[in-house]
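Engineer: Protein sequences appear in the order of chains P and Y. For the first sequence, my numbering begins at 5 and goes up steadily by one. For the second sequence, my numbering begins at 328 and goes up steadily by one.
These are calculated hints, taken from the structure and not from any lab test. Values in this document were obtained by computation on a predicted structure and should not be read as measured data. Be aware that a few hints might be false.
[Claimed, not checked] Sample of chain Y residues with no beta-carbon within 12 angstroms of chain P, all distances over it, derived:
#: 1; residue: G416
#: 2; residue: G429
#: 3; residue: A545
#: 4; residue: A549
#: 5; residue: T579
#: 6; residue: V662
#: 7; residue: G685
[To be verified] Selected chain Y positions facing chain P (in silico; Cβ < 10 angstroms):
#: 8; residue: M328
#: 9; residue: K329
#: 10; residue: D380
#: 11; residue: R381
#: 12; residue: T473
#: 13; residue: G478
#: 14; residue: T559
#: 15; residue: A587
#: 16; residue: R589
#: 17; residue: E689
#: 18; residue: M692
#: 19; residue: T696
[Stated by the list, open to error] From the structure, some residues in chain Y lie toward chain P, with a derived Cβ separation under 8 angstroms:
#: 20; residue: A482
#: 21; residue: R643
#: 22; residue: E652
Built from N, CA and C at the ideal position, the CB exists for glycine as well.
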Amino acid sequence: MTRLLEFHAAKWDEPIVMEMGRPGGRGQIFPEPEAEVSKAVGADLIPSNMARKDRPELPEITEFEAQRHYLHLSQMTLGMMGVSLFGTCTMKYNSKTSEYATLRPELAEVHPYQHPDTLQGVLSIFHDFDGILQSLSGMDQFIFQAGGGADAAYTMAIIARAYWADHGMLDQRTEMITSIQAHPCNPATAAAAGFKIVNLPLEENGYPSLDALKAAVSDKTALIMINNPDDMGIYNPEIKEWVRVAKEAGALCFYDHANFNGVMGRLSARELGFDACMFMLHKTFGAPKAGGGPAVGAFGCCDALAPYLPCPVVVKSGEKFILDNDRPKSAGKVREFWGNVPQVVKAYAWTRGMGAEGIKLASDISVVANNYMDKRLSEIPGLVISNPEISVNRMEMTRWSFAPLCEETGVGTVDVANRMADFGIDPFWMSHEPWIVAEPFTPEAGELWSKEDIDLWIDVIAQITHEARTDPEMVKSAPHNQPIAQVKGDVFEDPEKWAMTWRAYQRKTGAIDRTERRRQ
Amino acid sequence: MKIGLIVNPIAGLGGRVGLKGTDGPDTVSEALARGAVPQAGLRACRALMRFADRVPGAELTVAAGDLGADWANGINLDLSVIQIANQNGSACDTRAAIAAMGNCELIVFAGGDGTARDVCAALAANQATLGIPCGVKMHSGVFAVTPEAAGGLIADIYTTPDRIDWNDEAEVMDIDEAALRAGHIAPVLYGHARVPVQRNRMQAAKGGPRVDWGTALAGAAAEVVEQMEPDTLYVIGPGTSAGVVMRAAGQTPTILGIDAMRDGAVIGRDLGAAELEALTSTAPVRIVLGVTGQQGFLIGRGNQQISPAVLTRAGRDGLIILGAEDKLRGLAQPVLWIDSGVPALDAELAGYHRVRTGRGRETMMLLSTG
């Protein structure tokens, strides 16, 4: 067993940034404009009816104080650099080299409203990367407009809507079929686009049966949307026949490649018969992700669906790259412009760095690592793998359950997650909807983690299950080595307490803002 | 929260000696004659040991003697013992004990479906319940999985009540034991009770507000009502899942019986087989059925009034099935069952059906003849 390091998080009992600083504190002091500039621009650059009357209510602190504050916050939140087998998210190292690439002025200082003739470098990266993803999927055209995986699924839903409308069959093709264990964004986005949802339940093999699919498809089926492997790590080996059955009924077929890591370079969506697919660049392709922050869902489709793609599409015309906006059948935009450029560049850098063979090797390593993890977890009493009756190996992640431990000790998955933070380990991902496995957790040992990292993570789980039997209340009252104790969840369910902005926080907590204070 | 405990000492007596249940004094005598050993008290004891392990010295109100206190001997709990007058070993004891526990917000009982019926019939409006599983039959949705799970849940309710959700509509079901001994499972819905549900706070924190499948089901019901065809008879099956269709139409369903609607109006309530056959002989027929219980019986249990003749009139495409998604997931197997009494008809109606779970939302479920 790994020696578990003694750990205690830093505690900085300092106010939030909006409450810090002092009048006159500044991050940057800008010089007065030179006389020539003032003369050229004029005194009223901003029209008086648009100029704000009051100074913005920003914290008045120095750049150094701001950096120190955010360093403290990262110290209190495990810093996002720990061992984290956070399943369904495919944690990868976001290389500094890629970061430097995007800081180059040729990228950092361009603007999407520039004339495309002045954007040839970045457009060539988009075009080349489109080609790389085509070779990984067999599709004919990729776009990068979608701001995440769910947005790419929505792209599919509106393309299906536009396709069937164009074929005069939208009133007939009203249904989308999916598995209950596909990512919940599939039914959600199809419903948002106006389709009815038909869910297929898991049957004895751990995935929906072909018979259920055959009973569900009809001349009403507009499309099927499917993950494979699913969120529990189970691969449906009948997928080719699924696609054949759906296409025989005339449906479009979409492969949600959210769980691509275990099959990268090992299968092609097009060869399986799919019409379209999507990749998550912020997940599988080494670009960073953060709490609803930067993300790109790269959406690719076959030529038959390409006319319906959101505009603009980056295409090569002669020797030049252009932004093609002349697509009269386009389904419309899912986001502004043509994609999150830094994310696309980082993903492009990752694929160029890895190479075709490296990508295949990474995929194989992720599956081997996951199965090593499964083997070790299976030796810990109190844990049980989902669908224990199925002997097939899981792919790049696995859904597990603490149900036996919970029944024995009262310590469940939330308690274990809270306690993990006491060892400096980020809590795991539990489950997406639907929660069909009791007390679930879903670890994913991707290619990033060393054997030592995986062993450490599992040893922490083993230690906590031991504590659950010897001192359950200590586990249930965790965390103890973190800057704050257990948080009651009630606030998350009470809209009266939600505060997404400083102003809302002041209003809902009765705090007096600084403007008020000044007036008093 | 103040918690009371009642043990039905004879619950589960029939199980190990093959009697399929313990309802009625004759069965109890027969079970004892066959050498049955009372199990409920020992299982209650297991639950209490888990509770005391987690919360040493916790307060608990118990009925006197073998209705509770006897099984808590030597366990580190702070007991308030309630004496029950005229104790005679019947369901009256259970009712009297609950009446004496009016200040308890949660009544824990050790028993089976029969005990659950007695307890739920006696609960006050503000009282919830939780079953320590001890019976031969446990079709009701009020039981913990094991005695230890019950003990752990009681400890959670006692120590961290904010971790608990409450389900006001857990189904209290029982089956006809005489029929069961003859080889037929016939679960019947007797009512609803308020039960604790272990809640996963992190789920809410990460996933936003939890899905309210009851509201989703109401959406499905509203859609059924919007799609109702004129001059068509809608037979509404028993149970809450089918009843939501009546509610969506502005009517009050007979939860434990069969109703019929046509052109938006209720034309029959709590109908028997003969009345249904007469009503369905002329008009096109649709049958609205709900998924109830953990067994997933759709046809032939608790709704035998919908006879083979009525089912034949409706046909495969005439079945409108509703079920909340969480209820479908909670089934022992992902299968619904049919036993209409006519095997050929069962075979015709079997196969995959669409179960409506929300507005514009369905789940394919296999209807099997077993």
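Engineer: Each of the hints needs a verdict: does it hold here or not?
Structural biologist: We went through each hint and held it up to the structure:
no., hint, verdict
1, G416, "holds (32 angstroms)"
2, G429, "holds (29 angstroms)"
3, A545, "holds (17 angstroms)"
4, A549, "holds (15 angstroms)"
5, T579, "holds (29 angstroms)"
6, V662, "violated (9 angstroms)"
7, G685, "violated (8 angstroms)"
8, M328, "violated (17 angstroms)"
9, K329, "violated (21 angstroms)"
10, D380, "holds (8 angstroms)"
11, R381, "holds (6 angstroms)"
12, T473, "holds (6 angstroms)"
13, G478, "holds (8 angstroms)"
14, T559, "violated (21 angstroms)"
15, A587, "violated (28 angstroms)"
16, R589, "violated (26 angstroms)"
17, E689, "holds (5 angstroms)"
18, M692, "holds (7 angstroms)"
19, T696, "violated (15 angstroms)"
20, A482, "holds (6 angstroms)"
21, R643, "violated (11 angstroms)"
22, E652, "holds (7 angstroms)"
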